[in-house]
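Visitor: Put chain B on the given structure of chain A with help from the hints.
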Amino acid sequence: DVVSFGQEVQVVDPEVRAHVYSLVTALGGFNGENADCYVLGDDALACLRDIKRWLKLYDEKINRMDVARCLGEANLVNGDLLPILSNWWTSGQNNKHMSRIALACLELLVPLTWPAEFHKDMTVNHHRHTPYIQQAQVRYKRGLLSYGGSNLLRTVIRIALPSMAVPRSERTTRDEGILKLMLYLFRNISIISQSARLAAEGDEEETSRSVTINAFAEQDVFALLLTMCSNVGDDFSQQDMALLEILFHLVKGVNVEKLFMDDVQRTAKRTDELKDLLSKESSLKREYAKNAPTRHGRFGTMIWVKRDDAKMSTVSGQDVLKDEQTTLLKMDQSKKWNKPQPRRRQEELSTNNSFDTPTHLSSTATKNLRSFVEEFLDSGFNPLFTHVRKAIEREAERVTDINSRQFFYTVSWFLEAERVRRTYQKYTHEQSKGKAKEMEPDSFALVAGVLNQETFVFLNRAMQYGLDHKDWEDINAEMRCFTQILLTVQEMSKSPLEEDQEIAENIQNRIFYEETTHDRVLALVRGYKDQGFGYLDACTELSHVFLRMLERYSKENIDLQIRSRRKARRKKTAEKNATTNGEEEDPEEQASEDEEIEDAVKVAKERTFDFKRFSAKFCTQKSVDTFFAFTKFYKELDSEQLKRAHRYFYRIAFKQEMSVLLFRVDIINLFYKMIKGPGGLDPSKPVFKEWEELVRQIIRRLVKKIEQRPALITELLFSKINATAFYLEYGHEKQTLTSE
Amino acid sequence: DNPELGLGLDEEVKVTKKRQPIAKLDEGRLLSQNGIPRLRRTAKSKLKLKGKGHEFSDAARILNFYQLWLDDLFPRAKFADGLAMIEKLGHSKRLQTMRREWIDEEKTNFSK
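If you read the protein sequences in the order shown, they are chains A and B. Mapped onto this note's numbering, the consecutive letters of the first sequence carry residue numbers 1 to 740. Mapped onto this note's numbering, the consecutive letters of the second sequence carry residue numbers 1 to 112.
Don't read these hints as lab results, they were simulated from the structure. As the structure is a computational prediction, the values presented were derived from the model and not from experiment. Don't take every hint at face value.
As a list, the in silico DSS-like pairs of lysine-lysine whose alpha-carbon atoms are at most 30 Å apart [to be verified]: (1) A/LYS689 / A/LYS612; (2) A/LYS330 / A/LYS635; (3) A/LYS632 / A/LYS704; (4) A/LYS330 / B/LYS50; (5) A/LYS322 / B/LYS44; (6) A/LYS339 / B/LYS88; (7) A/LYS673 / B/LYS46; (8) B/LYS107 / A/LYS622; (9) A/LYS689 / A/LYS622; (10) B/LYS88 / A/LYS655; (11) A/LYS632 / B/LYS48; (12) A/LYS676 / B/LYS78; (13) B/LYS93 / A/LYS529; (14) A/LYS635 / A/LYS470; (15) A/LYS275 / A/LYS643; (16) B/LYS107 / A/LYS704; (17) A/LYS335 / B/LYS17; (18) B/LYS88 / A/LYS676; (19) A/LYS269 / A/LYS494.
Next up, chain A with everything else stripped away, as it sits in the complex (with noise of 0.2 Å):
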């Protein structure tokens, strides 16, 4: 209803309210005598159990979230909670009654940290609770992990200990439950953040990342994570989904290379870092300085653009007296129309998963998360991917839609993790030769959980499924996944240790040996229309290294069998097919097919694979526009991303022969400011050197093509087709009958 300004709106029934301020007051207080003091109410155990009743029945129950936004307007956590169980931790621990008490809060503490994310079922009231909700979040963070001094986090820990002595064939369902409100609480904790949609309050650094990390390193929450990651097969069975969460909210977006620093690397790329930036500024400021009028803003200069036809055009400003291209870009500029933009695609509702986001962490933070991170490389990894996997497969209770996706990228983050730790011990040793002994290789057997045929499996089901129902970010996590599977198994193959080569050869061989992955990975470059920056930076980065895997590992072994699946028109057509299998089908024949899907039957063949052959499927103009739109993004790329596009382009043009496809007028423009600017790659950096190079020499051939066929003139206007493509590439036409 509207409500005429001044006037109250009313928006929790006050009955209600008054039911619960009533139980809050109840439930203790600060004495006045005694003002620091917090002294338990008569009834304060009844009084917790009634909160509790009345956030289920009446919150839960009837889907409204009152009776959690007066609980956050009475100050029930930082106000009665955090004192009652601080109280309970200095007073021993040992009072039975007290016990449940502080139990009876933590049971409390759960549900008024759950994330308030929101969805798409929202009533009116989710609406007009959830901001205030999520602001009063931050501040039950705040007070968790800061509460005057006093270590809440282990005190939370204290209460689930004597479940977790408990073996678990003795454990019953309580004190399973207990478990998981302790995980469950954590990982609230690790997700609660400012929300980037409210007002901050100003000291959104006291709930950073940085800070939980801290507050988990400090007072044992990374050591109960381990030990129960590393027991998770035996004893906590139960508690794995909740551990995946919290290690995923930990690890989402943090930078495995800077994590993985020395103090002296880390500053030195700081001030790189800085350098850049400042660099970026003043070169800014010098392009800026170029065109910059040289006297004041009423000079009024004017000059004429003679065109065809006795046609004339102005363009004013001194700027445009410097030379030709100035002048026909501020023609360009001083257009007022636009294009319109096709809606965006609507952004994805859960914000607690977005993992895209970089986290920056304090040095201190840096420090305790490493340790973490290499603790649980060396113990937790295997157990509990192995279990998470299987309980994920088994499609086990406990396991939610969110959790495959979690999954994928946490195994992808400890991967990469593993790989920089083995180059920064490397590296440290290195540093210190001669003072320590030789450094023994050692074994990938860390990782081996995740690097089994079971995973390959679930992997390459999941990506399959994702593809076929849109899932964007559940394919980006697992792009990733895959990706750093590729990268470690290459690593692999370059140790030492002739076990782990032996192995990695295997994988190698398990991982090219399906068609279906080569199909799939050229479905995923190909399909980019509007998934976002996250899912172009991965479609491409695993492009990159499967092509380039491919490549040497079909070189080394020259008689790589594929098994490729086709498929083949049953009955009266089978017998022909039986004669063409073998020959290369034109795609007019393939489309065909395809419209036949129904009476189709797959047909499993192995052949030998063609890496020229398969190359070539890259290099067509789908890949080409998504490799396109993530080079202009270039000035937000790092060198390793440009390298990636520089690489695929020069593939293009020069391995395959192929640079038709690169004869497109916005793909010319693009590439020429990149190099000439206005708002170019940064000259002094060494991919520019690359890059110029490389537009030189396509622009080199496509001078060349224009004074060969003239018709190239129109084409570069388009998409070319590929009947003509050939034809302008090659100058004659493709050979219809080309035999294996």
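Guide: Just chain B now, kept in the frame of chain A:
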């Protein structure tokens, strides 16, 4: 004398002025004399490329040539926008056949 004869003579006639149709960059415009035919006509005389050693100035010449052509054809759109619109039009049936024709024309010219 019966006003409710239903002829509606007494009702006021509303005159709504039709909006001037907005110029569009479509197949017709692209294939008109000012469009691609002109591009083909003028390319020989206007576009003088220097070749090896002048790559970037050549690229600038090519880009400028297209920009001025596009500005004549459809002054409303910025260069990049116009290019994107034309590229999209290139997928249509009519343009595909036209493009094929142009290329075939060149092929026969060559064989002569």
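Visitor: Are the hints correct? Go through all of them and say.
Guide: Hint by hint, here is what the structure shows:
no. : hint                : result
1   : A/LYS689 / A/LYS612 : holds, 28 Å
2   : A/LYS330 / A/LYS635 : holds, 21 Å
3   : A/LYS632 / A/LYS704 : holds, 26 Å
4   : A/LYS330 / B/LYS50  : holds, 25 Å
5   : A/LYS322 / B/LYS44  : holds, 27 Å
6   : A/LYS339 / B/LYS88  : holds, 13 Å
7   : A/LYS673 / B/LYS46  : holds, 23 Å
8   : B/LYS107 / A/LYS622 : holds, 27 Å
9   : A/LYS689 / A/LYS622 : holds, 27 Å
10  : B/LYS88 / A/LYS655  : holds, 28 Å
11  : A/LYS632 / B/LYS48  : holds, 29 Å
12  : A/LYS676 / B/LYS78  : holds, 20 Å
13  : B/LYS93 / A/LYS529  : holds, 22 Å
14  : A/LYS635 / A/LYS470 : holds, 29 Å
15  : A/LYS275 / A/LYS643 : holds, 21 Å
16  : B/LYS107 / A/LYS704 : holds, 17 Å
17  : A/LYS335 / B/LYS17  : holds, 28 Å
18  : B/LYS88 / A/LYS676  : holds, 27 Å
19  : A/LYS269 / A/LYS494 : holds, 28 Å
When the structure is compared with the earlier hints, no violation turns up for any of them.
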